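Residue numbers (full-length UniProt numbering), protein chains in the order written: chain A, 1 to 169; chain B, 1 to 169; chain C, 1 to 169; chain D, 1 to 169.
Read the hints as simulated data drawn from the structure, not as lab findings.
A portion of the hints provided could be inaccurate.
Claimed, not checked - Label pairs and their calculated CB-CB ranges: (1) B:161 - A:5: 17 to 23 Å; (2) D:158 - A:37: 28 to 34 Å; (3) B:161 - C:45: 19 to 25 Å; (4) B:76 - C:167: 56 to 62 Å; (5) D:151 - A:162: 43 to 49 Å; (6) B:47 - A:96: 21 to 27 Å; (7) B:158 - D:120: 30 to 36 Å.
Fair warning: this is a prediction, and the values are worked out from it, not measured in the lab.
Ideal Cβ positions, reconstructed from N, Cα and C, are used throughout, including at glycine.
Protein chains: 4
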Amino acid sequence: MSPTSSPVRILLTGGTLDKVYDERTGNLVFSRTHLFDMLDQARCYLVNITIEPVMLKDSLDMTEADRAAIRAAAQRSPETRLLITHGTDTMTETAHDLANHVTDKTVVFVGAMIPYSFGGSDALFNLGFALASARVLPPGVYVAMNGTVFDWHNVRKNRERGRFEPLHP
Amino acid sequence: MSPTSSPVRILLTGGTLDKVYDERTGNLVFSRTHLFDMLDQARCYLVNITIEPVMLKDSLDMTEADRAAIRAAAQRSPETRLLITHGTDTMTETAHDLANHVTDKTVVFVGAMIPYSFGGSDALFNLGFALASARVLPPGVYVAMNGTVFDWHNVRKNRERGRFEPLHP
Amino acid sequence: MSPTSSPVRILLTGGTLDKVYDERTGNLVFSRTHLFDMLDQARCYLVNITIEPVMLKDSLDMTEADRAAIRAAAQRSPETRLLITHGTDTMTETAHDLANHVTDKTVVFVGAMIPYSFGGSDALFNLGFALASARVLPPGVYVAMNGTVFDWHNVRKNRERGRFEPLHP
Amino acid sequence: MSPTSSPVRILLTGGTLDKVYDERTGNLVFSRTHLFDMLDQARCYLVNITIEPVMLKDSLDMTEADRAAIRAAAQRSPETRLLITHGTDTMTETAHDLANHVTDKTVVFVGAMIPYSFGGSDALFNLGFALASARVLPPGVYVAMNGTVFDWHNVRKNRERGRFEPLHP
């Protein structure tokens, strides 16, 4: 098996990527994941992927128990290549946590600035970018956003500019 | 510089990805590339990318002179990582040609089954997937379609099913 | 019953509005009508509408037999308010034909310059505009395109500019 | 001039229709109106329309002063046919207010359940439906939503079901 078709497990945790507009309340909420729709739109037919829903949460609402659940899912995964969908606000915190506990796997975090269900979303590009990264990168914990792969220890979200940046350029 | 931020040159050659609907004639035509719009939608701010338009053509119309122009552009590129947008119908032919002439660079071909400008397009996902592949893969010629990276010598387009497959699974 | 909720029959005949992109051949084809999707997207819940598929054709391919079928459907309709989806290229010809044979009903023709399934389509606006016109206008044959209601005898498609215009402004 | 091309003034007041997603905060906000984009997408070239921005507000935040401003704009309009974009939550309240003060004009209220900038929006259909209604209906105050024209005194928003209904069916 070539490294480019290594099996990947996708852990779903929520975040903007999966939010939808609730037309009765005018709020953004979670109903179900869009990962299956996205992989279908991307014509991913032969792809060796397992999808495991862990939670659907805004990452600002994540607790220590939530992070423990993500950590446990990553640790017990038989696949050594993991993609984790995650809200962008605390993505780097969860990445730090995982880096302390999972050292023998390739773990790539991904999210979106605009929900997949809205016009102009970055979600499809980001998912494609992160999936290829998860397929090919050596073991380590990474954040794949804005067309860039960041090492977990050298990335932050610049909230004013709405983008991820290296801590030490 | 980490390998994940290596500079990438994108060579544009056309294909379904960049086609638009001409509402006066009802045909699909080329007007301009959508790559800049796509990278903008993907919030690719810090990305070290050079874009070089070579042509905008349906790949069924490509001549030997066109393939020679693509080959020349790949050979003279100062960047050693290349992404080539290309129509899907003869993508593997051009990949074969390049594999015979460019051996010291990472070359990733990408296209789309549905134009970026239409609803339900796979173009954004494919571009993200191919960009990460071009950033990380070792030298070689690849086709990145359907969420899979194929080696140039083990891929064909199954036209009946509308997808890329390995020749030898 | 107020005139604004009069029952309307929609006769489907095809045209650009209902075309889709065939990703295997790269051509625009008909598969099924999108009218149900469109009325669903428009949240038309209480609307007194009957949908009758007559054909799904490019209007350049319409024969005299096709026009006779449209005419027969219009004549036998128990509803006196009709909306007809139709390709734009020969919409005015079919409107002329109907005006000679159906004089006691409100008949509104509508189509689209861009298929509903593509980005940037005018189809949803046009359908909304034409439905309200069919609900409220007095008996007669009309073309509802470009945000304008034209009388059948004072409209032509300007193919170079891709729009409908009055013959006598 | 035929009644179907009577000049129409569009008063903009805001509402869901014009909201956008703020990717820095994750909230829905107003930045600018989308009416020009919408009329452009609808290929409304010859249409005799004047657009007057009155405010861009969530209709739950409208004050008596806001309603007075809308009323004044409607009263001083030289065009006797008015379309008013408005949030759905208090659309019927503003319609009641106008019905008490503007009796010689055709006033049609319209909004959207999903912002125009999101996928699956009803905004384009609603705008088309309301524009045709404003062009053709006799003087009176109307709410044009869900593919239906309601008289101002016989309509309510059913918030649980997310739709407009007649008070007395």
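Right, here's what the structure says about each hint:
no.	hint	in the structure
1	B:161 - A:5: 17 to 23 Å	18 Å, holds
2	D:158 - A:37: 28 to 34 Å	29 Å, holds
3	B:161 - C:45: 19 to 25 Å	39 Å, violated
4	B:76 - C:167: 56 to 62 Å	58 Å, holds
5	D:151 - A:162: 43 to 49 Å	45 Å, holds
6	B:47 - A:96: 21 to 27 Å	24 Å, holds
7	B:158 - D:120: 30 to 36 Å	32 Å, holds
Hint 3 alone, counting from the list given before, is not met by this structure.
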